[in-house]
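Letter by letter, the chains look like this.
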Amino acid sequence: MGTPTSNSGRLSGRWFGYAVLVLFAIISLGPMWIAVKTALSDSRTLFTGASSLLPQDPTLFNFERVMGLVNPSDPRLQQTSFAKIDFYRALANSVIFTLLAVVPQIACSAMAAYAFARLRFTGRRLIFFLFLCVTMIPGVVLIIPNFILIKDLGWLNTFQGMAAPYALMTPFAVFFLRQMFLSTPRELEESARIDGANYLSIFFRVVLPIHRSALATLTILSVLNAWNEFFWPFVVGRAENVRVMAVAINAFRSQQAGGVPDWSGLMGCTVLGIIPVAILLLLFGRKVVEAFQYTGYR
Amino acid sequence: MIVRVSSDLASPQTSPSVAAQRRSFFRSLLYRESFCAWIFIAPALAGFSIFYLLPTIRAVYFSFTDWNLLRAPVFNAGANYIKLWNDPNFWTSMKITLLYVLYNIPIQTVIGLLLAVLLARVGGSIVLRSIILAPYLIANVIAAIIWFWMLDPLLGFGNAMLQWVGLGRIAFFTDRELALPTIAAVNIWRHMGLVALLFYTGIQTIPKDIYEAARVEGAGHWKSFIRITLPLLRPTFVFVLVTSIIGSFQVFDTIAVTTLGGPGFSTRTIVWYTYQEGFVSFRMGYASAMSCALFLCLAIVTVVQMRILRAGQSELG
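These protein sequence lines are chains E and P, in that order.
Letter by letter, the first sequence follows residues 0 to 297 of numbering that gives the first Met the number 0.
Letter by letter, the second sequence follows residues 0 to 316 of numbering that gives the first Met the number 0.
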């Protein structure tokens, strides 16, 4: 036990620690709140309310406008710029792109990871070494040849073109799952083999169910990556009918480069873009945080 | 028993049909380890070859050609690399990128480490950790646009605050001197929580009795941080620094949303310049050469870092 003075010193240190953490929590969430505030504000109050923490004349008009729920003859539309974004379209596109990229990616990566972790075959070490090398290659090196490939296939501005590079594997998914498969004892698989199960049914009936949690973690990481991806969809999927939210928001902003940007509309759009991520965090907070903590723990 | 077996043999099924034979052949394949391994690996290997391995080879090939997408690529030996070497814009972009990394990494790492230590000390509730991670979960594009709005000279909340405390309004994104540090700041804001979490996880793996022993020896908080925490966090440092430096060299999204390489060319980083050359001017060969040069730089930086940080060694043996 420490003396009373050192105890109170430790206590005040604790409060200081809390204070700094709360400050950083405010720094983290503050800008997002300002975006929410702006999205809820009438665009005419932006100047007078610039320093306010709460929306002036709160309204849902910006959200309705961005989602295309406002009657085109509504007089309030006259005050806003002409830049438009079909938010529903962009949201649906993001969902389609994410599903197409992530679902087959997890399945194929899991199969490959199992082979790398457990099965013996000639060339295993060479292929795995090649996989490892590839993680070193910066994305910008791959983006030009991959763009050319997608263009030559005639897949520009299609969902299959946008999702293809992610759909069959990502090096991270394979490494992550291989590590997971390696870290569990093989007894269950062995006993299933003795019971006469073949490799396919061992994988589907034994290995996958055991590693449900790891698969969920990887799914969260992959979904967030795909959902937030910008450079690649920006290069191959710029057409309005396929463009994902990040690309659409960027387009919305660059449409109004000349005049005063339509900030309240833009923030309405931005907030709607954050909501899916916020829901994910609220539903699976612990899982998400632990997933990211794990990424460094290899 | 014996009777049953013999009756089976006597049944008309003794000579199986061709279809059944084939089926049993496939079934037996599923018990062959190497056959199954190749089945399992085939889709991922296809994806790897098509979207990683071949593109890498093609990128190197393109970098030795002159190609504007309209005509077939023309082999021009090392002309792109000679042009690159003599291109002042390339060197300026390299300098800007390096400067960006220097603004970004030290501050991000120090803040992350500070937050991690504090989280470890006060218990790091899941709510606090989620909040600090939140900026990393939103897209780069969204983070950039929120800060673009926050720092708008006329209407932004940040600038209103600056005026309120008596400093004038500052045009962060449109000032030649400030644009690059501002973009670095946005990136720090987005990544500090992730870095904090990674360090926090690293700290959790340090055995508590080491601290206890140090306390008995009379070491204070600061001393045990310097002597225990920092050295034992070296594997985490390697991971955090290698990945964040590689990522930082490739900054693109924030620039695409906010400054578009400007004002002037003050934020034309190497990836933005590559994008401009390749996808705006359609000089695919030259852009490929530039991307390969970046690859080379990153490889060198990574190797040097691994050496300096003596990766792979751990005090915890």
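Bear in mind the hints are in silico, worked out from the structure with no lab data behind them.
Beta carbons: idealized from backbone N, C-alpha and C, even for Gly.
Please note that the accuracy of each hint is not assured.
Heads up, incomplete: computed chain E residues facing chain P, CB under 8 Å, no partners named [unchecked claim]: (1) PRO30; (2) TYR87; (3) ILE143; (4) ILE209; (5) ARG211; (6) LEU214.
Comparing the hints with the structure gives:
1. The beta carbon of E:PRO30 comes within 5 Å of a beta carbon in chain P, closer than 8 Å, and the hint placing it at the interface holds.
2. A least Cβ separation of about 18 Å between E:TYR87 and chain P goes past the 8 Å threshold, and the interface hint is therefore violated.
3. Contact between E:ILE143 and chain P, as hinted, is supported at the beta carbon level, the nearest pair being about 5 Å apart and thus within 8 Å.
4. Nearest Cβ of chain P to the Cβ of E:ILE209: about 17 Å, over the 8 Å cut. The hint is violated.
5. Checking E:ARG211 against chain P by beta carbon gives a least distance of about 19 Å; that is not within 8 Å, so the hint is violated.
6. The restraint placing E:LEU214 at the interface with chain P is violated, with a minimum CB-CB distance near 15 Å, outside the 8 Å limit.
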